[in-house]
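Knowing the structure of chain R, use the given hints to seat chains E, Y and W on it.
Chains as they are written, first to last, in our numbering: chain R, 1 to 104; chain E, 1001 to 1104; chain Y, 2001 to 2104; chain W, 3001 to 3104.
Treat the hints with care, as some may be off.
[What the hints assert, rightly or not] Straight-line C-alpha distance at most 27 Å; calculated DSS-like pairs for lysine-lysine:
no., chain 1, residue 1, chain 2, residue 2
1, R, Lys-89, R, Lys-24
2, Y, Lys-2089, Y, Lys-2024
3, W, Lys-3024, E, Lys-1024
4, E, Lys-1031, E, Lys-1012
5, R, Lys-98, E, Lys-1031
6, Y, Lys-2031, R, Lys-24
7, W, Lys-3089, Y, Lys-2089
8, R, Lys-24, Y, Lys-2024
9, W, Lys-3031, E, Lys-1031
10, E, Lys-1098, R, Lys-89
11, W, Lys-3027, E, Lys-1031
12, R, Lys-31, Y, Lys-2024
13, W, Lys-3012, Y, Lys-2031
14, Y, Lys-2012, Y, Lys-2031
15, W, Lys-3027, Y, Lys-2098
16, W, Lys-3024, E, Lys-1031
17, W, Lys-3012, W, Lys-3089
18, R, Lys-31, Y, Lys-2012
19, W, Lys-3031, E, Lys-1024
Hints were generated in silico from the structure; no laboratory data involved.
So you can see what is in the structure, the chains are spelled out below.
Number of protein chains: 4
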Amino acid sequence: MDRRRLSDSEIKSALGRLANWELKEGKLSRKFRFRDFNEAFGFMTRVALVAENLRHHPEWTNIYGTVLVHLWTHEVQGITDYDLILAGKMDVFAEAVKRPLPVG
Amino acid sequence: MDRRRLSDSEIKSALGRLANWELKEGKLSRKFRFRDFNEAFGFMTRVALVAENLRHHPEWTNIYGTVLVHLWTHEVQGITDYDLILAGKMDVFAEAVKRPLPVG
Amino acid sequence: MDRRRLSDSEIKSALGRLANWELKEGKLSRKFRFRDFNEAFGFMTRVALVAENLRHHPEWTNIYGTVLVHLWTHEVQGITDYDLILAGKMDVFAEAVKRPLPVG
Amino acid sequence: MDRRRLSDSEIKSALGRLANWELKEGKLSRKFRFRDFNEAFGFMTRVALVAENLRHHPEWTNIYGTVLVHLWTHEVQGITDYDLILAGKMDVFAEAVKRPLPVG
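Bound conformation, chain R alone:
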């Protein structure tokens, strides 16, 4: 995996797989909505650990249960595979943390 800047058509193709993400001012963006701060920050911690592992970090804003994310790669001033991987991980972690509570 390298930090090569992806072409417009590569990004378009990636957005086909990353259904909840969109391109905003050149960055891969998604707003996550959680039930509370605990879910939001639990999600953020798992992302933070992956970010250190990849040495690639998100731009993100947290307000209570929402986390607004913008991904791009500063070095190439564009989107790279690292952004796609981080986006995919975020989708998985968000689904996990939002798991419905058990009944009763």
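Chains E, Y and W in isolation, oriented as in the chain R frame:
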């Protein structure tokens, strides 16, 4: 909710609901097994936030993907409602974080 | 401590003590700069624990080593003592995490 | 840096530099004492981020403000450079988080 020490029969009744927990040397204990450190520490962070909220903290040991927990209430040298609540929260967070990965 | 909306003069007085904070669009704001993501997220985790303890949460944006914070109290649409307390804690945690590395 | 098992004399030499660590049952061990859970878990989060970056994780037990750490490298059943690096980082993070509170 108070920090009253629960009686043996109250604890026994609680253990009926907390299926994965057992009493070990007077403490409520469970070993959680996760797939990796990311899951384990994501779980621990959610528990840490609840612990600060309740002002009641676990004794726990983490080795990579396992988290061994002992709960009791130091002030009363026994089990209280705080331990039952923390145990219940841990069960919910552990189920959420271990959610199966999406296929494909 | 209550969630009473502070008056303009009370806020002005508080800003005298919180030297690095300013009022921006009605919110108490500060930009923290750390050396790396590790410092920034270590700081954020300590703040998150206090936030759960106070049941009062920040609005914040993190980009690698910077954390931009806006504090206000949604319920009263203004600044309260909770915001002042959270700001003071953030100052302490930021100073601690940025402590110079030992020489050699 | 490799995961080569260090010799007894290499470990002895390293312990000369890591003044607060000792060898216990073949593992590099230290007990950290913090003022409260917030400090302890803030410390743990910074260590967790480094652990993911190094892909090398501690064995650790947390009880409120104490964190008892054992470091070794499972693959070689001994101490490696990874353990020394993690120990050094822990010392730096612990010093930072325990920084005295400002007067007044």
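>> Would the hint linking W/Lys-3012 and Y/Lys-2031 be met if the CA-CA limit is 27 Å?
In response: violated (45 Å)
>> What's the verdict on R/Lys-31 and Y/Lys-2012, does the C-alpha distance respect the 27 Å limit or exceed it?
In response: violated (35 Å)
> Does the alpha-carbon distance linking W/Lys-3024 and E/Lys-1024 stay inside the 27 Å limit?
Replying inline: holds (25 Å)
> Is the straight-line distance between the alpha-carbon of R/Lys-24 and that of Y/Lys-2024 27 Å or less?
Replying inline: holds (25 Å)
> Taken at face value, is the distance from the CA of E/Lys-1031 to the CA of W/Lys-3024 at most 27 Å?
Replying inline: holds (24 Å)
>> Holds or violated: Y/Lys-2012 and Y/Lys-2031, Cα atoms, limit 27 Å.
In response: holds (19 Å)
> CA of W/Lys-3031 to CA of E/Lys-1031, is that 27 Å or under?
Replying inline: Distance ~22 Å between W/Lys-3031 and E/Lys-1031 Cα, so the pair holds.
> For the pair supplied as a hint, E/Lys-1098 and R/Lys-89, is the alpha-carbon distance within the 27 Å limit?
Replying inline: With a Cα-Cα distance of about 14 Å, the restraint between E/Lys-1098 and R/Lys-89 holds, given a limit of 27 Å.
> Are the Cα atoms of W/Lys-3089 and Y/Lys-2089 separated by 27 Å or less?
Replying inline: With a Cα-Cα distance of about 24 Å, the restraint between W/Lys-3089 and Y/Lys-2089 holds, given a limit of 27 Å.
>> Next pair to validate is E/Lys-1031 with E/Lys-1012; report whether the Cα-Cα distance is within 27 Å.
In response: holds (19 Å)
> Holds or violated: are the alpha carbons of W/Lys-3012 and W/Lys-3089 at most 27 Å from each other?
Replying inline: Within the cut-off at roughly 19 Å; holds.
> Can the restraint linking W/Lys-3031 and E/Lys-1024 be considered satisfied, given a maximum Cα separation of 27 Å?
Replying inline: Distance ~24 Å between W/Lys-3031 and E/Lys-1024 Cα, so the pair holds.
The earlier numbered hints that this structure contradicts are 13, 15, 18.
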